[in-house]
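Asks: Protein chains in written order, with the numbering used here: chain B, 3 to 473; chain F, 3 to 473.
Keep in mind the hints are simulated off the structure, nothing from the lab.
Wrong hints could be hidden among the right ones.
Straight line, CA to CA, 27 Å or less: simulated DSS-like cross-link-like pairs of lysine-lysine [what the hints assert, rightly or not]:
1) B/124 / F/333
2) F/58 / B/58
3) F/23 / B/333
4) B/351 / B/367
5) F/23 / F/368
6) B/132 / F/333
7) F/321 / B/58
8) F/81 / B/124
9) F/81 / B/99
10) F/33 / B/124
11) B/368 / B/351
12) F/439 / F/405
13) B/5 / B/333
14) F/77 / B/33
15) B/58 / F/81
16) F/58 / F/175
17) F/58 / B/308
18) F/367 / F/23
19) B/5 / B/23
20) B/333 / F/405
Single-letter residue listing:
Protein chains: 2
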Amino acid sequence: MQKLPDINQNFSEWYNEIVYKAELADQSPVKGCIVVRPYGWSMWELIQGRLDLRIKATGHQNCAFPLLIPESFLKREAKHIEGFAPELAIVTHAGGKELEEPLVVRPTSETMVHHMFAQWMKSWRDLPIKTNQWCSVVRWEMRTRPFLRTTEFFWQEGHTAHATYDEAYAEVKQMLGEYVDLAQNYLAIPVIVGRKSDQERFAGADITYTFEAMMQDGKALQMGTSHLLSQNFAKSFEMTFQDQNGQLAYPYLTSWGVTTRLIGAVVATHGDQNGLILPPKVAPFQVVIIPVASQPGDTVWQAADKIRLELEAVGVRVKFDDRDHLRPGAKFYEWELKGVPVRIELGPKDLAQAQVVLVDRLSSKKQAILLVNLIDSVQAELIDLQQALFDRAQVRLTQSWHKAAKLDQFGPNLENHAGVYQTGWCQSPACELELKKFKATTRCLIEDREFETCFNCDQASIADVIVAKAY
Amino acid sequence: MQKLPDINQNFSEWYNEIVYKAELADQSPVKGCIVVRPYGWSMWELIQGRLDLRIKATGHQNCAFPLLIPESFLKREAKHIEGFAPELAIVTHAGGKELEEPLVVRPTSETMVHHMFAQWMKSWRDLPIKTNQWCSVVRWEMRTRPFLRTTEFFWQEGHTAHATYDEAYAEVKQMLGEYVDLAQNYLAIPVIVGRKSDQERFAGADITYTFEAMMQDGKALQMGTSHLLSQNFAKSFEMTFQDQNGQLAYPYLTSWGVTTRLIGAVVATHGDQNGLILPPKVAPFQVVIIPVASQPGDTVWQAADKIRLELEAVGVRVKFDDRDHLRPGAKFYEWELKGVPVRIELGPKDLAQAQVVLVDRLSSKKQAILLVNLIDSVQAELIDLQQALFDRAQVRLTQSWHKAAKLDQFGPNLENHAGVYQTGWCQSPACELELKKFKATTRCLIEDREFETCFNCDQASIADVIVAKAY
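Please model the entire structure based on the sequences and the hints provided.
Replies: In structure tokens, the structure reads:
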């Protein structure tokens, strides 16, 4: 097998190759669309399982809105169509005929959802409406990269309607909180939480909250967003309800989503020169068992299969690699590449001593573990690894989170993607535009406050902002 | 509330109205596309959960193939494009430009999957490949009906590749068996299992197995299919592998799918004049608790909520209807309409006697149940109801499964959809075409053998065939 590109020298190539070599995804014959292969889809199912539980626990109901949306719907909210028009894929012919009105393959479903909400909403008793759907959407992208930016991508999109602004605002913050919990406590990815600038926010939102992570190359990655939408959406779709005083009122709307980009974030946050390193909670296989100097059916082979059953019985996701045409070394290499957190090696000598060799993917240190202690040791190791991966990423983020007052000082560093910069900003678009010279953007406005003046002009800063080169 | 149309006199209108009134689905602004509302989607999630478990237990892996397929791909298998061409929705423009090659919104994914299989398959060691995806597909239909025939529908599509014909054939039969189990033991719908005629089989298949149910109006419904595909697919996509003798060989391919049509089948099999009747296994709520002569917070209300918790603790899906602006009668009506299998009524007098009133949706009989026996009684009632619904549908199918030798005898009955007819058939397309005069089709060839000659001509029958008017 060919070695992976150097992760330090050429992160971008390393990333692309590991995604394909680890069989997370494959290129498809359609520009910018990937095939998510079973190993990658299994990660997505784990993320879905966890997040879907939380979406339901917070009172949302799943449903399904149509894939195709009348083109005129998107034009009803002026900023929405302005933002999405360049990215649309359009069905013009169907059933052998040209359509009277073209249909858009959904880039996001606000317009369709709002049209339906308007039918379902009569009185304040019908509110809140809290829905979610898991699906794929299509945005025609010029430059794509597997998982991080693809023409078709998979996501969940939550859409809610509320009687009051305060309730809608609380919803936006609640789901942002759920996302941050998912990122940090499940994907082991520390994030920076904040509000998007007016220029960077969702096309048609009043407020967009974001959570951003920093990849190993020092570039920022938007992990997901939660929006308080403009009242224009409600007005455009004639969505009203009778409030408790009998008056017609417009509801307040939110939407929020995370995508298969999260898989790319796991790859780009935790991987190393030997391949993926998967946090145990999101690993399709948490443990791989590899028999050494053993043949199908012999005592070692049987012992390995027994260990599999015992680990499965306590809820560990485990793979017994029982392929008999591959040598152990080839199996070590493959599962290392695929980032399985814990490897168990078992040979005749180990078995004679009633032990196995346990190797964790992060340190590669070998430990002899007595069989009687194996389940406890594996469970402890998985917890430790989950934490160790988060801590390592947290240290990296902290060390690369710089603070600097003026763009002319930190601008050149930005271009080398040397981490993220916290600075002051007057919030004028003109100053924000100066960042383009260094191929950087504002990532989010944060609550922490250290700077008095703008990074670019002499005006007072309104809030601190995180600035970085981004995916 | 307006009454539902008469289920005996006007089944078709009854069906459409109950789907919308029970909030399973709603019409969308796109022709033939529905919105699956939370109550309907919840049924789909239950079906998915059960079937996905079996798909994985039988060694398949989920993954995701692109939504859009190059138009040229569909044309590679001649019969496939012939079958699907009239139904395609076509993306001609994307990213603000006309595409060089139009893209088809997938009507099914064989062509895309086979293109990818060809990349993944080198030697016999790579076989079998057993994949599945849950997604939606689009087929431009002229006449639609919610769940039973929609332009966009949701489904799973399994795709596999095998080294030998026998292995592929076993796969096709295995998944057919899983589907029949799902229909009978989960949806409580008895089915007829058989093989499609050459004219009715999947566009590009050598063999299509089907399982068909009979709706309350005596019309047959194809519930799902399992296909052994023609080797042409492998040849068209240059899909070869090196067999154990080092020779290049073509694999044998299968595909199989069931759709959200299954929800429609549940509606049309079990419902009655008062609305849906959901088999407990596929009911979003198995039990609804309705307090009577009670206010929020009083002892009855608290007791009702305690019952909810106790039932949830043993895994029953339960709804405590705690809306305080509706009278119990309105709630009875609504949950009856929505087909909840068991209703628990609880008032001050019941509580004084440490009992509740339990009403099952099928018989509407009221039983007083002591609180100490409640969990056992509910669990027993759910099992009984599941069985009773299957038995009732089984009786109906048996009574409407007629046997007749000649079309001129049974043809006129077919037109009134008076059930299904078993007869003999020479398997000539000309005789099959005669059925059109009575708006009927062959549903499937079955193993049972009772007729010696064809229903239409004097030729010998090759196999017995089921004939019916169908959805």
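Asks: All the hints need checking, so say for each whether the structure fits it.
Replies: Hint by hint, here is what the structure shows:
no., hint, in the structure
1, B/124 / F/333, "19 Å, holds"
2, F/58 / B/58, "24 Å, holds"
3, F/23 / B/333, "57 Å, violated"
4, B/351 / B/367, "19 Å, holds"
5, F/23 / F/368, "25 Å, holds"
6, B/132 / F/333, "22 Å, holds"
7, F/321 / B/58, "15 Å, holds"
8, F/81 / B/124, "50 Å, violated"
9, F/81 / B/99, "21 Å, holds"
10, F/33 / B/124, "25 Å, holds"
11, B/368 / B/351, "15 Å, holds"
12, F/439 / F/405, "19 Å, holds"
13, B/5 / B/333, "16 Å, holds"
14, F/77 / B/33, "19 Å, holds"
15, B/58 / F/81, "44 Å, violated"
16, F/58 / F/175, "16 Å, holds"
17, F/58 / B/308, "21 Å, holds"
18, F/367 / F/23, "24 Å, holds"
19, B/5 / B/23, "10 Å, holds"
20, B/333 / F/405, "60 Å, violated"
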